[in-house]
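Protein chains: 2
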Amino acid sequence: MKKLNTSPISGMQELLPPAQAIFNNYKKEIAEAFHLHGFQNIETPTIDRNEVLFAKAGGDTEKQIYRVIKTDESAEDSDQSLRYDHTVPLARYIVEHESNLAFPFRVSQIGRNFRGERAQKARFREFYQCDVDVIGRGELPLSYDAEIIATLVDALKAFKLPGIKVRVNNRKFLSGVLDFLGVADYATDIMGIIDHAEKVPAEKTIQNLRELTIPEETVVKITTFINVHGSTDELKKLDFLDFNGTRIAEGFSELKFVMNELGLLGLSDIAEADMKIVRGLDYYTGTVFETSIPGYEQLGSICSGGRYDNLASNYTDQKFPGVGGSIGLTRLFAVLGEAGLLENAVSAPVDIAIMYLGDTRQPAYELADKLRASGKSVDVILFDKKLGDLMRHASRIAKSGIVVGENEVKSGNFMLKDFATGEQTPLEI
Amino acid sequence: MKKLNTSPISGMQELLPPAQAIFNNYKKEIAEAFHLHGFQNIETPTIDRNEVLFAKAGGDTEKQIYRVIKTDESAEDSDQSLRYDHTVPLARYIVEHESNLAFPFRVSQIGRNFRGERAQKARFREFYQCDVDVIGRGELPLSYDAEIIATLVDALKAFKLPGIKVRVNNRKFLSGVLDFLGVADYATDIMGIIDHAEKVPAEKTIQNLRELTIPEETVVKITTFINVHGSTDELKKLDFLDFNGTRIAEGFSELKFVMNELGLLGLSDIAEADMKIVRGLDYYTGTVFETSIPGYEQLGSICSGGRYDNLASNYTDQKFPGVGGSIGLTRLFAVLGEAGLLENAVSAPVDIAIMYLGDTRQPAYELADKLRASGKSVDVILFDKKLGDLMRHASRIAKSGIVVGENEVKSGNFMLKDFATGEQTPLEI
Numbered sequence: 001m002k003k004l005n006t007s008p009i010s011g012m013q014e015l016l017p018p019a020q021a022i023f024n025n026y027k028k029e030i031a032e033a034f035h036l037h038g039f040q041n042i043e044t045p046t047i048d049r050n051e052v053l054f055a056k057a058g059g060d061t062e063k064q065i066y067r068v069i070k071t072d073e074s075a076e077d078s079d080q081s082l083r084y085d086h087t088v089p090l091a092r093y094i095v096e097h098e099s100n101l102a103f104p105f106r107v108s109q110i111g112r113n114f115r116g117e118r119a120q121k122a123r124f125r126e127f128y129q130c131d132v133d134v135i136g137r138g139e140l141p142l143s144y145d146a147e148i149i150a151t152l153v154d155a156l157k158a159f160k161l162p163g164i165k166v167r168v169n170n171r172k173f174l175s176g177v178l179d180f181l182g183v184a185d186y187a188t189d190i191m192g193i194i195d196h197a198e199k200v201p202a203e204k205t206i207q208n209l210r211e212l213t214i215p216e217e218t219v220v221k222i223t224t225f226i227n228v229h230g231s232t233d234e235l236k237k238l239d240f241l242d243f244n245g246t247r248i249a250e251g252f253s254e255l256k257f258v259m260n261e262l263g264l265l266g267l268s269d270i271a272e273a274d275m276k277i278v279r280g281l282d283y284y285t286g287t288v289f290e291t292s293i294p295g296y297e298q299l300g301s302i303c304s305g306g307r308y309d310n311l312a313s314n315y316t317d318q319k320f321p322g323v324g325g326s327i328g329l330t331r332l333f334a335v336l337g338e339a340g341l342l343e344n345a346v347s348a349p350v351d352i353a354i355m356y357l358g359d360t361r362q363p364a365y366e367l368a369d370k371l372r373a374s375g376k377s378v379d380v381i382l383f384d385k386k387l388g389d390l391m392r393h394a395s396r397i398a399k400s401g402i403v404v405g406e407n408e409v410k411s412g413n414f415m416l417k418d419f420a421t422g423e424q425t426p427l428e429i
Numbered sequence: 001m002k003k004l005n006t007s008p009i010s011g012m013q014e015l016l017p018p019a020q021a022i023f024n025n026y027k028k029e030i031a032e033a034f035h036l037h038g039f040q041n042i043e044t045p046t047i048d049r050n051e052v053l054f055a056k057a058g059g060d061t062e063k064q065i066y067r068v069i070k071t072d073e074s075a076e077d078s079d080q081s082l083r084y085d086h087t088v089p090l091a092r093y094i095v096e097h098e099s100n101l102a103f104p105f106r107v108s109q110i111g112r113n114f115r116g117e118r119a120q121k122a123r124f125r126e127f128y129q130c131d132v133d134v135i136g137r138g139e140l141p142l143s144y145d146a147e148i149i150a151t152l153v154d155a156l157k158a159f160k161l162p163g164i165k166v167r168v169n170n171r172k173f174l175s176g177v178l179d180f181l182g183v184a185d186y187a188t189d190i191m192g193i194i195d196h197a198e199k200v201p202a203e204k205t206i207q208n209l210r211e212l213t214i215p216e217e218t219v220v221k222i223t224t225f226i227n228v229h230g231s232t233d234e235l236k237k238l239d240f241l242d243f244n245g246t247r248i249a250e251g252f253s254e255l256k257f258v259m260n261e262l263g264l265l266g267l268s269d270i271a272e273a274d275m276k277i278v279r280g281l282d283y284y285t286g287t288v289f290e291t292s293i294p295g296y297e298q299l300g301s302i303c304s305g306g307r308y309d310n311l312a313s314n315y316t317d318q319k320f321p322g323v324g325g326s327i328g329l330t331r332l333f334a335v336l337g338e339a340g341l342l343e344n345a346v347s348a349p350v351d352i353a354i355m356y357l358g359d360t361r362q363p364a365y366e367l368a369d370k371l372r373a374s375g376k377s378v379d380v381i382l383f384d385k386k387l388g389d390l391m392r393h394a395s396r397i398a399k400s401g402i403v404v405g406e407n408e409v410k411s412g413n414f415m416l417k418d419f420a421t422g423e424q425t426p427l428e429i
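Note that the protein sequences, when read in sequence, are chains A and B. Under the numbering used here, think of the first position of the first sequence as 1, with each following residue one higher. Under the numbering used here, think of the first position of the second sequence as 1, with each following residue one higher.
Do not rely on the hints blindly, as some may be mistaken.
Since the list can't tell identical chains apart, any single copy or any two copies may satisfy a pair.
List time: in silico DSS-like cross-link candidates among lysine-lysine, alpha-carbon distance up to 30 Å [as the list claims (entries may be wrong)]:
1. Lys70 with Lys3
2. Lys157 with Lys27
3. Lys410 with Lys256
4. Lys165 with Lys221
5. Lys165 with Lys237
6. Lys386 with Lys256
7. Lys160 with Lys28
8. Lys236 with Lys386
9. Lys160 with Lys370
10. Lys28 with Lys157
11. Lys165 with Lys370
12. Lys237 with Lys70
13. Lys3 with Lys370
Think of the hints as simulated: they come from the structure by calculation, not from any bench.
Put together the whole structure using the sequences plus the hints.
This is how it looks when you write it as structure tokens:
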């Protein structure tokens, strides 16, 4: 009988070993893709100073931060919290270690972040994020925006998805358009409405825009604008809207450059420009992108990011422009599982269970060592029970089993039993 | 100019990329050794309920626990804290998921734990621990005690140490002896003195024991006792002390069994029994062990653990005996670094930097993809500067470099420059 509640706290992921093995494998493959693209891994502490963490966080994020307090201190003494993303501690890291880093700095971070959100389906309070960023000192060529996307696309191959689509936009372009249309004062509201446009019927978006009491002609232009998407050629449709202005020109040219660069990287088939892509976060200043699975758009963006022109402005007067993106692994694992898009759980993470019978523990140990040297995961079952009991346990924990009895030891011949098929084959190491 | 303090919080590890790469490699090799020994990896949430975390923690540990509080809640509402080890959340996990696990359950955990200790050299407030445990339901054969040690010894091979020594004792034996000597009431004090005996001169230990006002004869017996160490044969020296009693017999027989089992596992050369090994933690009830590096004993134990007969007594009436051990990776990395026992830092974690010249970005991307497919980590440097600047940057981030100019693209022949030797060789993929 349980004496107290032993479930994990609501909003936390806790997996059984077979699911954990799959999760770990995805994490490993993402890390490998980042490494192959020349990104250098770092880890920042989970706990950081409030002056660092709260400097950039606003609104909801700020409310969601977990403060930490040592038991032997009063709450007033505390000025530390758990990091809620990788970007804020990265800014601190860059400024702190600047003289020891080579810029542009390709950096990856894979770790757990924390947000005290209201617990709901596929929203986690502790979650793995897998981030890549390139940070420049003073300047950062625009080609890196495409390189970040290419790296994340490679990392997503770990999931063997039915397909992916990367949708790209540019914040300069969008905010330039809003300026040009004379509705810059409503920019936050309008961006919110655009960000939401795919989750509601088209009429609802129009209605939301009208509620801002902006001219009807402007509502029409915005609505027409946000429905443009596709290849760079498709963007010509924007011409009839007669937008002009320096920011618009700059943003549009950046967007076209990034789209072209994605073509050089062989990603024309999966990348498209899309005027509906906004990204919620304030700090993006240029390229923004989201990634979805065609046919599974309801899962939302599975990977997103963008360009921020001044990463570390809270810490230093030096300019560190950056571009980055992130795979929210814990959430992605949960939603792919629900959508039936995960690999089947490995029923047994262990390769081989060895069952010893009689006085054969030492040869069983030696056999296990040989198999391990050849890369097999081996559990020597160390209880002294009947063969039937040993077999039952072995088939629960391992893919195959080997019985090590006195005859096998004498002859040096062992049989490997495959628990899925029941087939027995002579063991060859 | 920095606008605010960007150093990590005191007591936190923060590494530059080359050191992080070595650290990650150790972590990966430890995980691989655990996997090869049939241990199934799990992860518990970093944050858990206070009723879970505080149930087992006593004394100093309790004071060191970091409580967590959401920003939008008052301190009074909080009943959550950061885990301070892997064992307490494991107990909760076992009880929660019991019906989905096969026992004996070989389980590994590798992650960050938190203790708000006073910051001092090689003491970290956030630290990686790499744990293996075997949990039985109802019972757990003693052979697993040796298997845990063998697994950890294999994992420590990652560090290519000059040597290691595992010292083993049994808490039943020790506490039985103290019972027999009639000093059970002083057990905690005496164990503390024994635990400290190696850090002070022998006279100091005798003096400490005398201060407890126990009979001089008992002081002599304890002192003689704790100086016994070596192979199982050496333990015969204990005979003249005339100890007897059920617990002593049981503990001594367990100790001899584990030593013999370590022999079967091929570890006779590095394992010895040692009566000075106590382990501070209350919950150990049988085997205890510590690991040191011969010639570097001042570094302390680099890996330790033991048997606990009732892991989950706070959560359930069912009995889950276990045995486990842990490598404190963050601390170990720090002390090995100070002792000069770490691998040399990889100066450049990236294998190859590609420098494109002129209109060759697309072939540069294609070459990078080919090299990545062959397992190389490749950074395509995406700024358009002079070759000298490109070379300087390339040699800071990568081991080798390839220039992709128009001639190279035309001929399809690329030269690989090794930055350490300056040597150039034709590239073969």
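Broken hints, numbered, in rising order?
-> 8, 12, 13
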